[in-house]
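**Student:** Protein sequence lines correspond, in order, to chains A and B.
Letter 30 of the first sequence, counting from 1, is numbered 30 in this note's numbering, and no numbers are missing.
Here this note's numbering = 1-based position in the second sequence + 1000.
These are computed hints drawn from the structure, not numbers from a lab.
Just so you know, even glycine gets a beta-carbon here, dropped at the ideal spot from N, CA and C.
Misleading hints may appear alongside valid ones.
[Said to hold, decoys possible] Here's a subset of chain A near chain B, in silico, CB distances under 7 Å, partners left out: (1) Pro73; (2) Val96; (3) Val103; (4) Asp152; (5) Ala159.
[Stated by the list, open to error] Partner residues aside, some chain A positions facing chain B, computed with beta carbon under 7 Å: (6) Val55; (7) Gly59; (8) His79; (9) Trp82; (10) Thr91; (11) Met94; (12) Tyr111; (13) Leu128; (14) Met147; (15) Lys163.
[Said to hold, decoys possible] Only pairs whose alpha carbons sit at most 25 Å apart, straight line, appear in this in silico BS3-like list of lysine-lysine: (16) A:Lys49 x B:Lys1308; (17) A:Lys49 x B:Lys1120; (18) B:Lys1304 x A:Lys163.
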Amino acid sequence: MSDHDTQSAHAHGPITRVGDIPAHDDHGHAGHDKHDEHGGHAGHGGIGKYLLVFVALCGLTTMSFLTYSPYWPWRNEPHVGWAFMMAVSCTKAMLVVLFFMHVFWEANWKYVLTIPAAMMAIFLALMLVPDIGLRNRMVSQERAQHMARGSDVRLMEQAGEAKVLEESAH
Amino acid sequence: MNASAISIPHGQHGHSDGHSGGHDDGHGHHGPVLQYQPGLPLTRGKLIMWLFLSTEIMFFAALLGSYVVLRFGAAVWPKPHHVHLSEPIGAFNTFVLICSSVTIVLALEFARANRAGIAKFWMLLTLLLGMLFLGVKGYEYQAKFAHGIYPQAPRGRIYEKPDLYYGSAVRARLGEPAIIDKLKELDDTPADQLSAEQVAARARLQQVRKMVASPEQQAFDLAVVADQVMPLPTEGPGGSHDGGHGGHASGLNDIFPWLRLPAVIPGGNMWASTYFLLTGFHAIHVLVGLIIFTILLFYKLGPKQAGKIENAGLYWHFVDLVWIFLFPLLYLF
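Using the sequences provided together with the hints, build the complete structure.
**Tutor:** Here it is in structure tokens:
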């Protein structure tokens, strides 16, 4: 981490790993000349790059919205849509974190802060599974009587289709 | 970091534990020139912002994790249309937040390039976009409240299933003095003063009143009552869209807003708790972001303030990040 007590320690911008500069140059969209733009925080950013990320984010949002549209082919298999949307969301999150939050260009301290937090986050969710996620595996008879179930939805849908009142009103 | 952040030669900072120093510099009896090596190669403010964000990651992960676990452990969970969620509105809000993420990043870029005026413009635009997000969110909350969806009982009118408890709640509501007066007034209104829809709804309401009071009530009757009060749309998207609310305009509560009868949404109460908790905490974060932007607008947004803008931006991107997960989880799942 401290192998680059760098020329830019005085700058407020994120400190760049010198070895990494060429790595993000390979998008083929190098039309903008980011290296000359701001000497202080050498090499990252560039408005063109941000706009590219923006377009990607909009495209990805449209993609996840596609699951809602009538054109989505896996309408009867919701799990396909869920997996797809989570993949899209993770991609969007990565884009925001890497480019908008400049993490792509940060030094290795980024791992110290983000990986433990992310692991804690996953453990937190997993720890809820036995008590909360599986809470309906075994329930008391009384509770089973009063809790909502899929059959209630079907009952109401049947009631809607039956149109009992429309007929009797006439 | 600041003026004291002087770089030191390679290999020396590895053992900078206080006792070292005097033997390898050439400064004689003046002692070593102590050189400051920051623990992490980033500014103090940014370090604290990142530490704060790592706690925020865990905070929202706990909320989102609970939501996922509650949702998938539930016997039944309402579809977005059952609870009057409009996917296009959610997608619009996602778009607004993404735009605001870009504008704050542009504000930072222009502040670094010492173009304070343009930086301020982007900052102002970020503020406005954030306000737009909150405005849309408020509109959505209003739609929930109008349908009796609140996180808690005194105001919330959502029942889990069309059972006897639901029937007695409808009966109790219809027996309230104010409602009795209103119903009488409605019954006495000549048909030509009502729209065709209202006349038909009045006939259905009379049937519902008989049904909930009838001693020969069947279980299915209560489902019919619940369906009349606030139907659950059977159609998916692209189907029946009455104003984007999945055909709900035909419910008695919609046609006679003063009625406010209890309604049935299976799983609706747990849904409301999680929805308001998640979006509420997110909205609080948005609000804090807006306050930060407002404060920043009082500064000249040049390179001197770039650190502040960057930290505000980091926070704002995180808020955007949370919404990126909230939108599909709440609106599309």
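**Student:** For each hint, tell me whether it holds in the structure or not.
**Tutor:** Verification of the supplied hints:
{"no.": "1", "hint": "Pro73", "in the structure": "violated, 13 Å"}
{"no.": "2", "hint": "Val96", "in the structure": "holds, 5 Å"}
{"no.": "3", "hint": "Val103", "in the structure": "violated, 10 Å"}
{"no.": "4", "hint": "Asp152", "in the structure": "holds, 4 Å"}
{"no.": "5", "hint": "Ala159", "in the structure": "holds, 4 Å"}
{"no.": "6", "hint": "Val55", "in the structure": "violated, 10 Å"}
{"no.": "7", "hint": "Gly59", "in the structure": "violated, 11 Å"}
{"no.": "8", "hint": "His79", "in the structure": "violated, 10 Å"}
{"no.": "9", "hint": "Trp82", "in the structure": "holds, 6 Å"}
{"no.": "10", "hint": "Thr91", "in the structure": "violated, 10 Å"}
{"no.": "11", "hint": "Met94", "in the structure": "violated, 10 Å"}
{"no.": "12", "hint": "Tyr111", "in the structure": "violated, 11 Å"}
{"no.": "13", "hint": "Leu128", "in the structure": "holds, 4 Å"}
{"no.": "14", "hint": "Met147", "in the structure": "holds, 6 Å"}
{"no.": "15", "hint": "Lys163", "in the structure": "violated, 9 Å"}
{"no.": "16", "hint": "A:Lys49 x B:Lys1308", "in the structure": "holds, 22 Å"}
{"no.": "17", "hint": "A:Lys49 x B:Lys1120", "in the structure": "holds, 21 Å"}
{"no.": "18", "hint": "B:Lys1304 x A:Lys163", "in the structure": "violated, 69 Å"}
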